[in-house]
Amino acid sequence: MIKNRKAKWIVRVLLLVGTIISMFFVPWILVKAWILPLPDTVQKQVDEAIGHGFDGMIIYVDQAGKPPKYYTGGWKDRENKIPAEPNSLFKIASISKLYTAVAVTKLVRENLLSFNKSLIDYLPELSDRIENAEEITLEMMIQHRSGIPNFTDNPTYWENEQVNSKNALDFALDLPASFKPNEGYEYSNTNYLLLRKIMDKVLGYNHNEYIKEKILNPLELKNTFFSISQVDLDNVMSGYYVGHNEDFKAREYGMLATAEDVGIFLRALNDGSVFDKGEKEIYPYEYSHGGLVVGYQSLAEYHEDIDAVVVQFINTTDFEGYEWNLSEIVFNRIVKIIRKKTSHNNELR
Numbered sequence: 001m002i003k004n005r006k007a008k009w010i011v012r013v014l015l016l017v018g019t020i021i022s023m024f025f026v027p028w029i030l031v032k033a034w035i036l037p038l039p040d041t042v043q044k045q046v047d048e049a050i051g052h053g054f055d056g057m058i059i060y061v062d063q064a065g066k067p068p069k070y071y072t073g074g075w076k077d078r079e080n081k082i083p084a085e086p087n088s089l090f091k092i093a094s095i096s097k098l099y100t101a102v103a104v105t106k107l108v109r110e111n112l113l114s115f116n117k118s119l120i121d122y123l124p125e126l127s128d129r130i131e132n133a134e135e136i137t138l139e140m141m142i143q144h145r146s147g148i149p150n151f152t153d154n155p156t157y158w159e160n161e162q163v164n165s166k167n168a169l170d171f172a173l174d175l176p177a178s179f180k181p182n183e184g185y186e187y188s189n190t191n192y193l194l195l196r197k198i199m200d201k202v203l204g205y206n207h208n209e210y211i212k213e214k215i216l217n218p219l220e221l222k223n224t225f226f227s228i229s230q231v232d233l234d235n236v237m238s239g240y241y242v243g244h245n246e247d248f249k250a251r252e253y254g255m256l257a258t259a260e261d262v263g264i265f266l267r268a269l270n271d272g273s274v275f276d277k278g279e280k281e282i283y284p285y286e287y288s289h290g291g292l293v294v295g296y297q298s299l300a301e302y303h304e305d306i307d308a309v310v311v312q313f314i315n316t317t318d319f320e321g322y323e324w325n326l327s328e329i330v331f332n333r334i335v336k337i338i339r340k341k342t343s344h345n346n347e348l349r
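Residue numbering for the sequence shown follows this note's numbering, starting at 1 and increasing by one per position.
FYI, nobody ran anything at the bench for these hints, they're computed from the structure.
Note that the coordinates shown come from a computational prediction; the quantities given were computed from them, not determined experimentally.
Glycine included, each C-beta is placed from N, C-alpha and C at the ideal position.
One or more hints might be untrue.
As the list claims (entries may be wrong) - Derived pair list, reagent style BS3-like, types lysine-lysine, alpha-carbon separation capped at 25 Å:
no., residue 1, residue 2
1, Lys222, Lys69
2, Lys201, Lys214
3, Lys66, Lys340
4, Lys180, Lys222
5, Lys44, Lys32
6, Lys81, Lys69
7, Lys212, Lys197
8, Lys277, Lys249
9, Lys81, Lys44
10, Lys180, Lys197
Said to hold, decoys possible - What follows is a set of in silico ranges between Cβ atoms, one per label pair, in the way DEER data are often shown:
no., residue 1, residue 2, range
11, Asn345, Pro176, 53 to 63 Å
12, Thr156, Val231, 40 to 50 Å
13, Gly65, Glu246, 38 to 48 Å
14, Asp47, Tyr205, 40 to 50 Å
15, Ile120, Ile82, 42 to 52 Å
16, Pro124, Gly51, 24 to 34 Å
17, Phe179, Asn345, 42 to 52 Å
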């Protein structure tokens, strides 16, 4: 009994020491952002977040029964001292995966694709270049359960990602699988690169045109674009990387959209109005998503308990990932503020 008590005491001491040591490796800005009293308005939270070091922010809130609201803070363009604007275009990065997943679902419903067919059924030329290609299905790729390595995890890719992105698939070919198909999960941009190639092949034209026809046009999303080459740079929010003075606005990182357009799409995805008959039932992916590229990070979520879509754009990123952690803290606090106000209003009724 004494030995057991002593062992437990030693374990508690070690846990306490470990906790204290670990705190020294957590940036205090994250601790501060987490423990500060919750502001009573979203705008105050945005202002507080800018005080934490973000260059600029845009928040879009669409809550059922209320007109959409916009909140901004900081700079759209730091060098020219242009304040953040709610209707600025923003590079949404991996939020675009939701559009791809919806498009693939529509093609499956049209019998042009099948979730159960394998990668080599559509791209047989990759049978010897991707391990387990004959067992990997489209559904596994959509759900990041394929085991195909993520090309952006390759350090050499980032030596010049603007050039390397043109041949991004080369960075994932001939690598060992991360796990056997459907026996694990690993977020992999390669999955969606391949899905887009497959769509191009079965359609016979660029999948972006299909997304525009089947998703953007029906939802009247006139401020969603597929490339920086399609827009006026003056309408794009600047992007910054901690420790660098460069504005990453002119770099090509795929889809751009306003917060409102992302919010409208996310609402349609969650209420099912983006789908035609029989599509929602077979849709196999997420209903919320985040995005991260150099200079741009975004979060777009639907919260059923308050029937609200919240979109957050922040134009500051860093190598360590602390800025992403900070953005998640801020986002969660914004949702708490909305939830608290909703609860209070319900109590007054």
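Hint-by-hint comparison with the structure:
The suggested pairing of Lys222 with Lys69 holds, with an alpha-carbon distance near 19 Å, which does not exceed 25 Å. With a CA separation close to 17 Å, the supplied pair Lys201 and Lys214 stays within the 25 Å bound. Between Lys66 and Lys340, the direct Cα distance comes to roughly 16 Å. Compliance with the 25 Å bound is thereby established for this hinted pair. Between Lys180 and Lys222 the CA atoms are separated by roughly 41 Å; this puts the pair beyond 25 Å, and the hint is violated.
Taking the CA atoms of Lys44 and Lys32, the gap is near 16 Å; set against the 25 Å cutoff, the hint holds. Between Lys81 and Lys69, the direct Cα distance comes to roughly 24 Å. Compliance with the 25 Å bound is thereby established for this hinted pair. Our distance criterion of 25 Å between C-alpha atoms is met by Lys212 and Lys197, whose separation comes to about 17 Å. Taking the CA atoms of Lys277 and Lys249, the gap is about 39 Å. The hint is violated against a cut of 25 Å.
With a CA separation close to 21 Å, the supplied pair Lys81 and Lys44 stays within the 25 Å bound. For a cut-off of 25 Å, the pair hint linking Lys180 to Lys197 stands: about 22 Å separates their Cα positions. In this structure, Asn345 and Pro176 meet the distance hint of 53 to 63 Å, their C-beta atoms being roughly 55 Å apart. Judged by the Cβ atoms, the range 40 to 50 Å given for Thr156 and Val231 is violated: they are separated by roughly 30 Å.
Checking the proposed 38 to 48 Å range against Gly65 and Glu246 shows it holds: the Cβ atoms sit about 43 Å from each other. Checked against the given bound of 40 to 50 Å, the beta carbons of Asp47 and Tyr205, roughly 46 Å apart, stay inside it. With their beta carbons about 50 Å apart, Ile120 and Ile82 fall inside the hinted range of 42 to 52 Å. Pro124 and Gly51 have their C-beta atoms about 55 Å apart, which leaves the hinted 24 to 34 Å range violated.
The beta-carbon spacing between Phe179 and Asn345, approximately 47 Å, falls within the hinted interval of 42 to 52 Å.
In this structure, the hints that do not hold are numbers 4, 8, 12, 16, in rising order.
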